[in-house]
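Number of protein chains: 2
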Amino acid sequence: MSDRVYNFGAGPAMLPIPVMEQIKEEFLDYKGTGVSIIEISHRSKEFDALLDEADTLFKELVSLPSNYKILYVHGGAQMQFSAIPMNLMNRKPSKKAVYFETGNFAKIAAKEAARYGEVKIGASSSDTNFDRIPDVDLNQIDEDASYAYLTSNNTLYGTRWNNFDNNGKVPIAVDATSEILSRKFDFEKFGLVYGGTQKNLGPSGLAMVIIREDLLGHEYPETPKLLNYSVYEKNHSLANTPNTFAIYAIGLVLKWLKDLGGVSEIEKRNEKKSKLLYDLIDGSAFYKGHAMPEHRSTMNVTFNVPSPELLDLFLKEALENGLYALKGHRNVGGARASIYNAMPLEGVQKLADFMKEFERRKG
Amino acid sequence: MSDRVYNFGAGPAMLPIPVMEQIKEEFLDYKGTGVSIIEISHRSKEFDALLDEADTLFKELVSLPSNYKILYVHGGAQMQFSAIPMNLMNRKPSKKAVYFETGNFAKIAAKEAARYGEVKIGASSSDTNFDRIPDVDLNQIDEDASYAYLTSNNTLYGTRWNNFDNNGKVPIAVDATSEILSRKFDFEKFGLVYGGTQKNLGPSGLAMVIIREDLLGHEYPETPKLLNYSVYEKNHSLANTPNTFAIYAIGLVLKWLKDLGGVSEIEKRNEKKSKLLYDLIDGSAFYKGHAMPEHRSTMNVTFNVPSPELLDLFLKEALENGLYALKGHRNVGGARASIYNAMPLEGVQKLADFMKEFERRKG
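Protein chains in written order, with the numbering used here: chain A, 62 to 424; chain B, 62 to 424.
Quick caveat, the hints were computed from the structure, so don't treat them as lab data. You may find that some hints are simply not true.
If chains are identical, the list can't say which one is meant, so a pair holds when it fits in one copy or spans any two.
Below, simulated PhoX-like cross-link-like pairs (lysine-lysine); rule was C-alpha separation at most 25 Å, straight line [as the list claims (entries may be wrong)]:
hint: 1; residue 1: Lys92; residue 2: Lys377
hint: 2; residue 1: Lys388; residue 2: Lys106
hint: 3; residue 1: Lys181; residue 2: Lys230
hint: 4; residue 1: Lys172; residue 2: Lys286
hint: 5; residue 1: Lys333; residue 2: Lys316
Predicted, not measured: the structure shown is a model, and the values here were computed from it.
Based on the sequences and whatever the hints tell you, model everything.
Written as structure tokens, this is what we have:
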């Protein structure tokens, strides 16, 4: 593994090294079958077993209540921008939804939803370039909305929601793509939680959707078959051939997370990792953080250096030091360290050391 | 590779051994980047380069006319059952399409399309359990149809179309999932050709859609963003994170096919492979083919043995002999040898030898 770098990319992101090594090791012969996991039928007993195991592990890791269903859905997070309104907007009381605009993906999601019903922006932090989560009381959502929608962690800006208290009158749909399984999360507070798989779960092209069962079966008549969550639920996500490789890899990631101590343990590690960087930023006049301290994400750490020239040099030297993909998103500029579950403390320590050393030379 | 078996599964299916070995070899470190191809951004220069290369290879392999676009679309073939009517049905002259029912997938596609407009069944071979392609003149399609639709190779039944002559007045959409790149195919005769990737192209969860550019931009207003072919075309299939692993693997498969001599060479090999089995079936009173000889597929060879007990024994002994996944689909019964591009002649020869030996003992 000596040539491997620490990968701070926002996604598709690094996966746990033991998972990557296992995939490589058994790539040509899955469990003695003589075929690869990617060459095997999704209706085989081997695939059935791994799908069941992934479900079981996920349920256990998040203590999922029994009235929630796990779906493995085509198309990644952004396909859900359409699927969520198509499945939920048609519910009583009204064809109306409330969206909280806390970043670029929330904006795109709201725009897509507006094609299927009325969308009200419940709150927005666009005027401060999404450096915070707006001050919102989720107990005050309009009760005539079919659902409310929020992005719990905002990848581009490095912010996250901390208070999800709500009275349950309006089901809340949550895009947790960039933080799913990174901290304790009370699924019972939400109607639907989903995540594109390419950050904390596995390879890209798929999303996991966790939905409360009473929200199934209300889709618009014109919902395409494979955007209809009920179709996935009735067929254990096998209405057609799924992304079998991604589901297999997700199972390995879930097993890795369980073996390491589960969500409470990874949450501690994620806090420790992100604190290392935030303490450095807060103690420096050279680095400037983008997100307001009270809404900082433990997954995506956004910061900048004093000039564009220094940023170019920072990114170039970082790469030379085996610190990969630190460039921030163009909407924010600067640098971003995505430090998902799979990023070891050593990687973050190496980045922090580099940052200190860079500041010493250039600050 | 000594523990590998010959995999006759219908899909996800075997991939070329050199491709599988390359994926394994570079799985932890893609071209010296120090990260895996599955951990890399779809907006990186490395991914851009491989996407471009896949396009170039595909165009070259099929001599694609310049007015056709290549899209890498989420959800596999069955997502296109919805996407095709949503993108094409709204075209003039009418919200009407003609479907040719030559198998189970054509039936499902027609059912899905009927949710978006009027569907006329142009012909069907259901009364003979899809053992043939109905006698159809594609020059006689109703000219008020927005498009016509056919499945060029029927995986479950082992049949394929041989005559695609048409006057071009109605664009024809073709599901070529189980035979794409297996024989010469004149794309100019069609408006749209697509294939789920999990048979002749790569891993599952994706489809390649080849569409004539004048057919873009006619979608229904309610078409979800990631079912809208124009969105894929405008964003070089990167409107959101695609199934990067599948696209990478497809590129390797296309390169393998080019190096081996391209479509004309693989067509010869496929004819030779399938002839080995069909000659055996025709010369035997023990094995009985399902598909009518004049419509036999070179990709899926369907046959049965005299009794269910013998079938169980046949499948069991085949597996013991390293011949994997020969069970036929329940709609047809019996056995099925899927011998896609990646299946070497040696695998088919080994199956033929086993079949002869089994007949000698049990016939």
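Hint check:
1. Lys92 with Lys377: For Lys92 and Lys377, the Cα distance is within 25 Å only across copies (19 Å; inside one copy 42 Å).
2. Lys388 with Lys106: between (43 Å within a copy, 14 Å between copies)
3. Lys181 with Lys230: within (17 Å within a copy, 46 Å between copies)
4. Lys172 with Lys286: both (22 Å within a copy, 11 Å between copies)
5. Lys333 with Lys316: within (22 Å within a copy, 45 Å between copies)
Taken one by one, the earlier hints all hold for this structure without exception.
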